[in-house]
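Just so you know, the protein sequences line up as chains A and B, in that order.
With positions in the first sequence counted from 1, the corresponding number in the numbering used here is that position plus 26.
With positions in the second sequence counted from 1, the corresponding number in the numbering used here is that position plus 26.
Don't take each hint at face value.
Since the list can't tell identical chains apart, any single copy or any two copies may satisfy a pair.
[As the list claims (entries may be wrong)] Think about it this way: if two alpha-carbon atoms lie no more than 30 Å apart in a straight line, the pair counts; the simulated DSSO-like pairs of lysine-lysine are:
{"#": "1", "residue 1": "Lys155", "residue 2": "Lys169"}
{"#": "2", "residue 1": "Lys196", "residue 2": "Lys79"}
{"#": "3", "residue 1": "Lys66", "residue 2": "Lys84"}
{"#": "4", "residue 1": "Lys155", "residue 2": "Lys231"}
Rather than coming from a laboratory, the hints here were simulated on the basis of the structure.
Each chain, letter by letter, is given below.
Protein chains: 2
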Amino acid sequence: MSRRTKQTYDYGQKNLCVLLDLDQVLADFEGHFITKFREKFPDDRFVQLDERKGFYIKDQYEKLDRNLGDKVRAVYIEKGFFLDLPEIKGAIPAAREMAAMDGVDVFICSSPLTEYQNCLSEKFEWVEKHLGPEWLDRIIIAKDKTVINGHILIDDRPYINGSCKSPAWKHIVFTAHHNRHVEGRQRLDNWTDGTWRDIIEDFKKRI
Amino acid sequence: MSRRTKQTYDYGQKNLCVLLDLDQVLADFEGHFITKFREKFPDDRFVQLDERKGFYIKDQYEKLDRNLGDKVRAVYIEKGFFLDLPEIKGAIPAAREMAAMDGVDVFICSSPLTEYQNCLSEKFEWVEKHLGPEWLDRIIIAKDKTVINGHILIDDRPYINGSCKSPAWKHIVFTAHHNRHVEGRQRLDNWTDGTWRDIIEDFKKRI
């Protein structure tokens, strides 16, 4: 094991740069959405978590009932929605441990809603509250994640496109109900069984 | 001149990726700061624009009078400060023209204040108001700009450091009063004399 401190390592050789998506990787968007949707619209049909399919919740609800789209949107654009997201199990200790590893830089890479008014500052507040103020400088907000440099992007969105056709990062799909049908992809299924450490160690050898 | 449309060009070969800083490159932070500071604290000493030196306004005011730091901060963290920033002369038509050029992708790359509460959504609102809603997807918010990919970063901050010691971009210093003392750097002095086009054409040849 290396005896070099994080600081000397940083200057000595290239660090592994890991980009962590926020929603549904660190923060439980989907679980909180169902709770809030049922509170707000108790008489409407809803999609059980294990029936979720496709990245956009709104699209699936609209297939169920075309009038549900606006209600779905009303839930997640409401003030406080992002701030109140619970943590994905094990995500916060894993992110802290990863950021403390020798030769690893961690950033949080999150795409804003089109309705950006509440979500931008609430994403920052969430990170400050759950990870601490020193993590604020590690936040990257970008709709187009292909322009962000890094070796790994851990993200639940199965297809990530943008202006750069060959992004620097390798995408690891973080498993969620909505993406479990997507085959043939390198995955991280959870933050609790320790497999994330193997992925990091494997990539450290490759750079 | 190329007859290819922007769209076919995008898929045909690599585009030049230009990152434009927001404050003091597109939006006149320094000029608006003086106006607001003098309105709010008419009896205090202030630094004339052509006497500005060093990146942080607060540092220079504190040298003038150690009690001015908090007043400086109060000006730019106030709700509405970012939203009301005037345009840097010629910046908006230049940004639009650049984004419409064949083989050029333009992003706005801005660092948030530590006091992020108002500035995040106001930066988005500013871009929506001055450039249009289609530009919202081109915004990248990052404290550490060294992690952002791109061929050129046009930024008034003379020294840009971060976790990546060799950023992908070449930094072009956008001239401001506070950085005019910095020597030996490739510069863009303004958006009005057309020299920005020469820089873009020159870099397009190099990629």
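Original post:
Which hints from the list above does the structure break, by number from lowest to highest?
Top reply: 4
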